[in-house]
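Student: Taking the numbering used here, the leading residue of the sequence shown gets 15, the next gets one more, and so forth.
Hints listed in this document are in silico derivations from the structure and should not be mistaken for laboratory results.
A few of these clues could be false.
Claimed, not checked - Label-pair ranges, simulated between beta-carbon atoms:
id: 1; residue 1: E58; residue 2: E35; range: 14 to 24 Å
id: 2; residue 1: P30; residue 2: L59; range: 40 to 50 Å
id: 3; residue 1: R29; residue 2: R49; range: 19 to 29 Å
id: 4; residue 1: I51; residue 2: E28; range: 26 to 36 Å
id: 5; residue 1: A56; residue 2: D22; range: 20 to 30 Å
id: 6; residue 1: L59; residue 2: L33; range: 37 to 47 Å
id: 7; residue 1: G62; residue 2: E18; range: 32 to 42 Å
id: 8; residue 1: L25; residue 2: C57; range: 30 to 40 Å
id: 9; residue 1: A56; residue 2: S24; range: 33 to 43 Å
Note that the Cβ used here is the ideal one computed from N, Cα and C, for glycine as well.
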Amino acid sequence: MQVEAALDGSLGPERPESLREAMRYSLLAGGKRLRPILCLAACELAGGTRE
Numbered sequence: 015m016q017v018e019a020a021l022d023g024s025l026g027p028e029r030p031e032s033l034r035e036a037m038r039y040s041l042l043a044g045g046k047r048l049r050p051i052l053c054l055a056a057c058e059l060a061g062g063t064r065e
């Protein structure tokens, strides 16, 4: 899914592994995808693009 890939990709390799894992847990835990998905769907319904 595009939202999940963007969230996961936002964690750069320049951070220590333990910090990255904690950030990944916080970012990718359930409940963080519904709002961005609804926003993207509304944009597409209005004729916009995901970019």
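Student: Run every hint past the structure and note whether it holds.
Tutor: Each hint, compared with the structure:
1. As the Cβ distance of E58 to E35 is approximately 33 Å, the hint placing it in 14 to 24 Å is violated.
2. A hinted range of 40 to 50 Å holds for the C-beta pair P30 and L59, which are about 42 Å apart.
3. For R29 and R49, the hinted distance range of 19 to 29 Å is satisfied, since their beta carbons lie about 25 Å from each other.
4. The supplied range of 26 to 36 Å is met by I51 and E28, whose beta-carbon atoms lie about 29 Å from each other.
5. Restraint check, A56 to D22: a C-beta distance of roughly 23 Å satisfies the suggested window 20 to 30 Å.
6. For L59 and L33, the hinted distance range of 37 to 47 Å is satisfied, since their beta carbons lie about 38 Å from each other.
7. The given range of 32 to 42 Å is broken by G62 and E18, whose C-beta atoms sit roughly 21 Å from each other.
8. Separated by about 25 Å at the C-beta atoms, L25 and C57 break the suggested range of 30 to 40 Å.
9. Checked against the hint of 33 to 43 Å, the C-beta distance between A56 and S24 comes to roughly 22 Å, which is inconsistent with it.
In summary, the structure is inconsistent with hints 1, 7, 8, 9 from the numbered list given earlier, while agreeing with the others.
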